[in-house]
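J.: Listed below are the residues making up each chain.
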Amino acid sequence: MMRLPRFRYLAPTTTQEVAEVLASEGPDAMVVAGGTDLLPNMKRRQQTPKTVVGLKGVAALRESQNGTGLRLGAGLTLTEIGEDPRVREHYGALHQAAVQVASPHLRNMATLGGNICLDTRCNYYDQNYEWRKSINFCMKKEGETCWVAPASKRCLAVSSTDTAPALIALGAKVHLLAARESRELSLEELYNNDGISYLTRRPHELLTRVELPDATGWKSTYWKLRRRGSFDFPVLGVAAAVKFDAGGGVADARIVLGAVASSPIVVSEAAEMLVGKELTDGVIEEAAEKAGRKAKPMDNTDFVLHWRKRVAQSFVGYALRELRGDDMSETRWNTAKIRFGD
Amino acid sequence: MDEREKQRLKCTVNGESVDVLFDGYKTLLEVLREELDLCGTKHGCELGECGACAVLVDGKPVLSCLTLALECGQRKIETIEGVGDAKLHPLQAAFADLGGSQCGYCTPAMILTAKELLERNPDPSLDEIRESLAGVLCRCTGYQQIFDSVEQAAEELRRGEKAEVNS
Amino acid sequence: MSDGFNLIGKARRRVDGRSKVTAGTDFADDLSLPRMLHCKLLRSPHPHARVKSVDASKAEAHPGVHLVMDWTDLPIEFGILPVSQDEQGLTEIARFAGDPVAAVIAEDELTAFEALDLIDVDYEVLPVIAEPTDSLENPEPRIHDYGEEGNIHKRVSLRFGDVDGALEGADEVFDDIFFFQGNTHLPMEQHASLAAVDPQGKLTLWSSTQTPHYVHRALARVMEMDPAHIRVVAQPNGGGFGGKSDVFNHEMVVCKAARVLGRPVKIALTREEVFYCHRGRHPVLMRFRTGVTKSGKITGTKLQTLVDGGAYGSYGVASLFYTGALQTVTYDLPRYQFQGCRVFTNKAPCGPKRGHGTVQPRFGQEIQLDKIAHKLELDPAEMRLNMLAKPNSLTANYLRIGSIGLGECIERVVKASGWNERYRNLPDGKGLGLACGSYLCGAGVAIYWNDMPHSGVQLQVDRSGSVTVFCGCTEIGQGSDDVLVGFVAEVLGIEPFDVRCVTGDTGMTPVDLGSYSSRVTMMMGNAAIQAAERMREQIATAVAKELEVPAGRLVFANRRVFDAQDPEKGMPFRKAVNRAEAMLGTLGSTGSYAPPRTAARFKGGGVGPSPAYSYTAAVVEVDVDRTTGWISVPKVWVAHDIGRTLNPVLARGQVEGSVYMGLGEALMEEQVYRKFPSKLSGAYVHKEPSMLEYKSPTALDMPEVFTELVEDPDPNGPMGAKEVGQGPLLPIMPAVANAVFDAVGVRVDEVPITPEKILRALDRKAKGEEGRYGPESFPEVRWPEPLEVPPPWDGGDGRAVNDPDRKRAAKLAEVKSS
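From first to last, the protein sequence lines are chains D, A and E.
For the first sequence, the positions run 1 to 342 when our numbering is used.
For the second sequence, the positions run 1001 to 1167 when our numbering is used.
For the third sequence, the positions run 2001 to 2818 when our numbering is used.
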C-alpha cells in the first residue's frame, strides 16, 4: 500500500489563524482542504511538506453569499458547487466544469479552492518516487531537465483545473488572505504560464473565496475532453461566455482554454472577433480556428499532442454552437458521457 | 503534534463509538483496516484513481485512501461491515443474487455508493446510477449486473417504504 | 434450458455471494498474524543492469528494520514452464526497470519503504533492448543466456499441407499486417502474500494466486524444501484474468524471510508494482496471407507472428504457440502455415491474459475476413456461415472439434442487431461490425509433463447430512466454487447451501492445476461429477437395500432419495447418508479428470488441443466523428456457445465482463514504454503504471450489451458445459475495427483503436491514399525449416514427416532392431 510520509499536522479554525500559521511556518507548510491533490502527491513524494495545515475546520471557507454577483467560499466542495442552483442558473460554465471534475467521490471531497490551485500535471512528474528516480527526476521536483522538451528552460507541466477556465470566462476574482496584507485579483492574474511557479499566490497567502460578477445577459458553457467519462483530468477544456445584445448579436465574449499550457489560456482575439456579429457557422468557424491556434499542447498528457491541438478547434466550435442554441447533446454525450439542460 | 507520536481518534464507526490510537500519517483506510480490523474496505491504488476504498463519511461517499484519519474526529463513518445485519440489506441481496459481485473486490465501495444514492434518490434512472457509480472501477462485471442490482434493490426498498407507510 | 436438472440452468445466488457482499471474503492482504512483519522490494531503476554489489548497512541500521536481502539470499532460479527457469526471487541481473533487486523486512510498511532508499546498489549498466526489432538486430547483449540465439527466445515453423500451392490456386490472395498492442489485466486487487512458519516448523504461504499448485512446486525448488512440508493457500483473488497465474518473486521473498526470521512476513504490492508483475497480453505484430475463391472459401493461410515477450520466459513459449493454434477451429481452413517468433526485450514480462495468445491473431484474422467480404462483395456474416468448421472433425493442425454452435451464434447476433437491414445502411459516421472467436475449454496438456489427473475432487459426507467438497481449484471471482458446489449438489439432489467447499489449498485439497486456460468448469467439473456419482452410488447401495428397490431406480432430488416409480417411497438425504455410513463405514469418494489424448503427434502439437472449444459471435455498433475521429460504442450484441449453462447469472457476468475487457483493449488500454534520449538518460520505463493513466472504462463508458447464450451440449463437457470466461472477449476488438470501416470507410489495423488513428486514416483517405492506419511491414526473421505435418485429408497421421529429432530416433530404432 502507498503510504504518506510522516508530517506535522495543524488544524486552525479561522482564516486568520491559517494566515498566521502560514506566515510563521514558511514554505515548508502546505494547506490541505479536500486532500485529493496534495495527498496523492505526498504519497508519491512529489510534495513533502513538513507541516500540513488542515482547512476542514475553518467554517468561514465554506460560506457563500449573494450580492450583485455571487461569492463562493474556497472550501465548498465541487459537489456543492455543482448542486448550487444559483451556479447552475447563472454560471453555467462553472456548473458544467464542477460536475465534470474527476469522479463523484472525488467531487465530494475536493474543494473549489483546491481545484483552482491544483498542482500542474505531467506524466513525467505524476509518478511515484522510484519511477522518478529511475529517470533521474525532472525539473519540477529534484531534477534538472524538463523531459517534455529537454531544451526547455521552464517546466511544461500542464494546468489541469476544470473550474479555472470556466471561472475566468465568467470574470471571476479571487481573494488571497495573508497575515498582514490581503489582496484581490482577477483569477487570470493568479496564474503564470510556468509549470513550477504556476501560481502568483505566495506561500503565506490563503485563497479564501471567489467573487463572481453579475451574469445578467451572459450565457456560458464548458466543454471537457478526456478519455473516459470519469476520473480523468482534462486534456483540453474550453470555456466560453457570451453576452448577447437584444438583436441576437454578440455584445461581449470570453473564451478560455484549459489544459493546453501551464496556465489557462485566454484567447482574446477569438472572443473579440465575435463582438458585433451573429454566431453564424462562418463566424464560429473563424473564431474556433483563431482559438485553436492558441492551443499549444505538449506531449505530457493522455492522447497524441497533434491530435489534441487539432481538436481544440472542434471543441471551441461545439461550445459556440451550443451558446448559439444548437442542440449539442449527442456530441456532448459521445465525448463527455454527460447530459445537461433537462 | 510530533510526527512520530501516536494520535488519538474518537469517532463513530458503523454506529459504535471508537477511540483508537494511530500513527498520524495513516489515512482513514489504514486506520480502518489496520487498527480497527475492518478489512471490508478495500484498496486498489491508494491514490484516488480506482474508488475501491470508498466509505461513507457523514453520509457522503468519499475515498478513505485520501482522507486523513486526523480529520475524522467526531465524524460518522460507515463501512460495508455496517451494512445489513443478520439479514442482508436489499442492495447486498441484489448484488449477491444478480451477479453484481464477481470477485467482490469493488463490491463494498459499490454497495456503499449505491446506498447513498438510493437514500438521496429512491428511484434513480439508469443514467443516474451510472453517473453515481462512475467513481468506482470494476474489472469483472462490465457493470451491467451492478446496474441491475441497484435497480432491483431500489425497487425493493421502495416497496418496503410503501409497506411501512401502509401499515 | 434446465431439462431434468435440479439446479443446472437455473439462476441462483452463487455460493460465495453472501460473503462477497458482507466483507466475508478474505483477500490475501486482509490477513494478518500476530508478530507479522512487512516487506517492501527495492526495484531496479535501470532497464538492464548487473548488480555488482548491494550495501545494506545503512538500511539495516534504520530503526525498525529486521532484515535486508538480495539475490545471494535467493539464488535459485524458477519459472512457470520447465523450459524457462529464468527468474530469481531477487535478481542478479535486472532485466527491466522495476525488476526487484533487494528486499527490506521491517516492523511496518512505511519503515520498510523508508529503508529502501538507504540501500546502495552498485550496478553495471548494460545496453537496452527496447523493441522486438532491436532484439532481432542485436544478438548482444543477451537478456538471457538461454533461448534460440541472441535475444530470440523461441521460433516455431509449422506447415500443414501445400499452403503455397493453395495460395497460387486461389482467385484472390489477401496480404495484411496487423499489430496488437500489449495490455495488462489490471485486477482491482493488488497482489499480496503472507508467509509463516507454522508451529510444527512447516511453511505456509497465503497468496493472491490463480495457480497454487505451480507456486507450491516452485517454492519447493527455491526454498530447497521437501514439498510435503510446504502449504500454499490461494486466497480468493480480487480478479485475476491471468495476471496471478504465474509464480512471483515476491512470493519467494516473503517465504524466505519468514524462514530466516521465524516470524510471519507480508507483502502487499502497490499498483505500480502490479504493472511490473504484468504477465499480460504480448504485443504481437502479425502478417496474414490468405487465399480465397471468388465465392469466399479459404484455400489456405500463412500466418507469421512476432511476439514481444518482455524480460522473462513466463508462459511465453505457450503464448507463442497459441498465436498460431486456433485459426483452424472456427472456419474451414484446408492448408495452413504458422511461423512465430518470441523475442526478449527489457520490459516487464508478458504472459497469459484472458484469451492467452489467441486474441491477437483472432484480431487479424477477423479483420482480414471483413476485408475479403468487402472486396468480394459478400455479406460478412453469410460468408462466415458458409465456411464454418464442422462439428466432430479434426482440423488441419489436428485439433479435435466436438460441438460447434458458431453458426447459431452468428445467426443470433445478426437477428438481434438488425444486421441485415442496418449493416452498410446506417448514416455516415455510424457503423456495425461483426466478428467471431473461439477458445479452449482447458489446455489439453499440463504445464509440466506428467501422467496424473489435471483435477482432483474429494468428497466427505458425514452423518449430519453435510457434504464437504475439497478441490485445489482457485476462486478468482469467476465462480469456480459455485460450479464445484453446483455439480455436487446437482448429482446428490441437495441444495448448494448444504455443501461446504474447501478449495485452493495444497495442504488440504487434491491437486487442480489452477484457474487458467478456461479449464475449471471442464476439468474440475468432470472430476466433481465423478466424485459425486461415486458417492451417490455408495448411498444408493444402502438405500436400495433398506427400501428393497433396485439402486438404479433411485432418484436423488429435493434433499431426498426415493424410488422413481413411487416417489413417496424414500427417505431424507440425511437418513440415506446415515444408512450408508452404517453399511459402508465412513463415507468418502474421489473423482479426477484428465483430458483426452491429443491427436497431434508433432512437436508443438501440445498447445491448442482441448477437450472442447467454445464459440462466440459479436456485433458492435460504433459512432465515429469524421472531424475529430472520436469513437464511441453505444451497443454490443454477443452470442456465446456455452454448451450448457450452469448458472445463467454467472454465465452472463462472464460474457459481459469479457465484452467490457475487450472494449477496453479495443479502445484505450495499452501497456507502453517510454525511452529517454540516450545522451541525457538511459531510462526506459513503463509510461503509465497507474490506474489513472492506464485507461480502464468506467461505468459511464460501458455500452449496452445484449447477451445470448447458445446451448449445444458438448459430449466432453460436464453435463455438456463449455467455457465462458475468456472466449467472449475475442470477437470484440475486431468487431470494433470492422464497425469503424462500416461507419467511415477506413481501416485501423491495430489496437487500441483511438481517435488519433482514425483521424490519421481519414486524412490519408482524403488525400487519395489508402484509408488505413496500421503497421506497414513485417521484419526479416530467419525462420527455421518448417515441420511438415500433412493434414488428415492429405493422409497425415498427426506426425511431422521431417522432424529431424524423430528421424534420428527412427534411425536409432532401425539400428537397434537390425
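Check each hint, because a few of them may be wrong.
Said to hold, decoys possible - Heads up, incomplete: computed chain D residues facing chain E, CB under 10 Å, no partners named:
id, residue
1, P5
2, R8
3, T51
4, T145
What the hints assert, rightly or not - Coverage of chain D stretches by chain A, computed from C-beta distances (three or more under 8 Å per stretch; other residues unrestricted):
id, region
5, 36-47
6, 240-248
7, 278-292
Keep in mind that the hints were calculated from the coordinates and are not lab data.
Idealized CB from N, CA, C, for every residue including glycine.
J.: None of the hints should be skipped; say for each whether it holds.
T.: Tested hints:
no. : hint    : result
1   : P5      : holds (8 Å)
2   : R8      : violated (16 Å)
3   : T51     : violated (18 Å)
4   : T145    : holds (6 Å)
5   : 36-47   : holds (count 5)
6   : 240-248 : violated (count 0)
7   : 278-292 : violated (count 0)
Hints 2, 3, 6, 7 from the earlier list are contradicted by this structure; the remaining hints agree with it.
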